[in-house]
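Trainee: Using the hints, put the two chains back together into the complex; each one sits in its own frame.
Order-wise, the sequence lines are chains A and B.
Our numbering numbers the first residue of the first sequence as 1 and each following residue consecutively.
Our numbering numbers the first residue of the second sequence as 1 and each following residue consecutively.
Treat the hints as calculated values from the structure; they're not laboratory data.
All of these numbers come straight from a predicted model, not from anything done at the bench.
Just to be clear, a hint being listed does not mean it is correct.
Unchecked claim - Taking lysine to any residue and the SDA-like style, the derived pairs with C-alpha atoms no more than 20 angstroms apart in a straight line are:
| # | chain 1 | residue 1 | chain 2 | residue 2 |
| --- | --- | --- | --- | --- |
| 1 | A | K59 | B | V44 |
| 2 | B | K174 | A | G83 |
| 3 | A | K72 | B | A185 |
| 4 | A | K59 | B | A41 |
| 5 | A | K44 | B | D192 |
| 6 | A | K63 | B | A41 |
| 7 | A | K63 | B | D187 |
| 8 | A | K63 | B | A176 |
| 9 | B | K174 | A | R71 |
| 10 | A | K63 | B | I181 |
| 11 | B | K174 | A | A64 |
| 12 | A | K72 | B | E171 |
| 13 | A | K59 | B | L42 |
| 14 | A | K72 | B | E202 |
| 15 | B | K174 | B | A204 |
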Amino acid sequence: MAGKTASQHRTQNRAKPAARKPAAKRPASATVTAGGDGPATGYKVLGTTSDGVRIILPKGKPKAFTTARLRKAIRTVIAERSG
Amino acid sequence: MPAALGERAVFINCPFDAAYQPMFEAIVFTVQRCGFVARCALEVSDGGETRIARILTLIGECPYGIHDISRTELDATTNLPRFNMPFELGLYLGARHFGGRRQRAKRCLILDRERYRYQTFLSDIAGQDIEAHGGDREHAVARVRNFLRADPDQGTLPSGRVIWRDLARFERDKPAICAEIELDAEDLSFPDLRHVIGLWLEEAA
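Isolated chain B (complex conformation) (with noise of 0.2 angstroms):
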């Protein structure tokens, strides 16, 4: 299993949309809490490289992937569903079976609302590691953070208890936060929450 502090990098794949806001941000959150990073498609900007090819190598650099299929609703504009997820899941687990040494020891937690509600829209990922949120923050943190404690080489990481009372410490301060650097603590751009998540726990866990 990848060890070294190179190879913590984690691909999320997500709705990135406000309503899943709360939630992108509890996960982001852990990841980073347990001495990981996070990672996603909010990091890859359109210019020049298709956006296809930078998620492949987006994809590429994370040896772990948590992929958050309970999006499943139709848009409420276009009437239509988002593809995204389950395509970039897909990616994943291709690059898992058909890359080399280092792309097949990849692991990757599958989260969507109800345990075994994809067997009735994307019945063939059976087999993978599954885990329900039941849409509740508290249940993310704890199942993203016992995904990473599984690694067998992870050392002692903090219980979800930690995390989650961490998170509500951190939520609490984020707005004074960005208001002391003059920015929308709601409208922060993935690479600057990261940061600010990084440097807070830094600073106050």
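Looking at chain A on its own, in the form it has when it is part of the complex (with noise of 0.2 angstroms):
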């Protein structure tokens, strides 16, 4: 049998391509079309809660502060709350 040849030499030695990583969970910010004969409209999922449930808001920034001054603010208080 004739010997190998260089390139067959690499493929056989090329490491093998690691294994399928399963899909990545969806981002918190990820939005959302509805489709059909509603007109579209982009909803984005906010986070989940302790029992499952995914939180959801159109999307669009609130007017009166932002996310991350409410956010910060819901903490304060929760952590005061718990002690």
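Mentor: Next comes the structure, spelled out in structure tokens:
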């Protein structure tokens, strides 16, 4: 049997591709668009509650505060309440 | 039935006065706690497009509707009744009747103080899903939760008791949260209220 060519050796020695990773979890900022015969409207997944319910909001920012400021305020109040 | 995340919008048709505000907040909170999006005419501004056109767009975008027709009293100042709730209920039922496939899949819950009281002032809606809350917020939370739970594609939802407990915690925290961001807790706009509830749920529930 004839010896393997250099190209065949390279192919044989190439490391096997890593196993396919499972699909990444949808990031909290993902948006979903409604389809069908209604006007398209985007929604944003804010996060998930401890019992697995996804909290959804329409796209768009609050008018009277920033999300970061509100989040900080909520964390402060919850921390104070927890003692 | 609508199952996609983007089709979890719930049109809330109810009075928007101060007396109804606690009930309104309980309904909005329940809708969001169940993983749906609360929407209502309060997000409609009067600039540009006519108000009715925007309400029609809103109704078209919402596969679910919650209509509280309990406010039948005459306005104390004008001595006239408010017709907006029955009118928007009619638009919603009309969309379901005359619309395309997606509109025909709409579901709606009609709330009143007493279950059969509507027969004396809006008898044409007989045969719809009509429930009584008796003016009681805890009952309204349970009715709204059960309505959203009835969707065959809906997964597990917290019980009405859990939602009621979470609402009490939220209402205890809300004044302090609003103070932190220098807002009047009693005067939040609807989009801002929705954000406060949403982020609180994410952090605390």
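Trainee: Now tell me, hint by hint, if it's right for this structure.
Mentor: Outcome of the hint check:
A C-alpha spacing of about 15 angstroms is found between K59(A) and V44(B), which places the hinted pair at or below 20 angstroms, so the restraint holds. For the hint linking K174(B) to G83(A), the alpha-carbon distance of about 17 angstroms falls within 20 angstroms, and the restraint holds. Taken as a hint, the K72(A) and A185(B) pair is honoured in the structure, with Cα atoms around 17 angstroms apart against an allowance of 20 angstroms. Only pairs whose Cα atoms come within 20 angstroms are accepted, and K59(A) paired with A41(B) is accepted, the gap being roughly 17 angstroms.
Taking the CA atoms of K44(A) and D192(B), the gap is about 15 angstroms. The hint holds against a cut of 20 angstroms. This hinted pair checks out: K63(A) and A41(B) have alpha carbons roughly 17 angstroms apart, not beyond 20 angstroms. For a cut-off of 20 angstroms, the pair hint linking K63(A) to D187(B) stands: about 13 angstroms separates their Cα positions. Restraint check for K63(A) and A176(B): the C-alpha separation of about 19 angstroms stays at or below 20 angstroms, so the hint holds.
With a CA separation close to 12 angstroms, the supplied pair K174(B) and R71(A) stays within the 20 angstroms bound. The straight-line distance between the Cα atoms of K63(A) and I181(B) is roughly 12 angstroms, inside the 20 angstroms bound, and the hint therefore holds. At roughly 15 angstroms between alpha-carbon atoms, K174(B) and A64(A) fall within 20 angstroms of each other, so this suggested pair holds. Distance hint between K72(A) and E171(B) is fulfilled; the C-alpha atoms sit about 18 angstroms from each other, no more than 20 angstroms.
A threshold of 20 angstroms between alpha carbons decides the hint, and for K59(A) with L42(B) the separation of about 16 angstroms falls inside it, so the pair holds. With a CA separation close to 13 angstroms, the supplied pair K72(A) and E202(B) stays within the 20 angstroms bound. Using a Cα cut-off of 20 angstroms, the hinted pair K174(B) and A204(B) holds, with the two alpha carbons roughly 12 angstroms apart.
Checked against the numbered hints given earlier, the structure satisfies every one of them.
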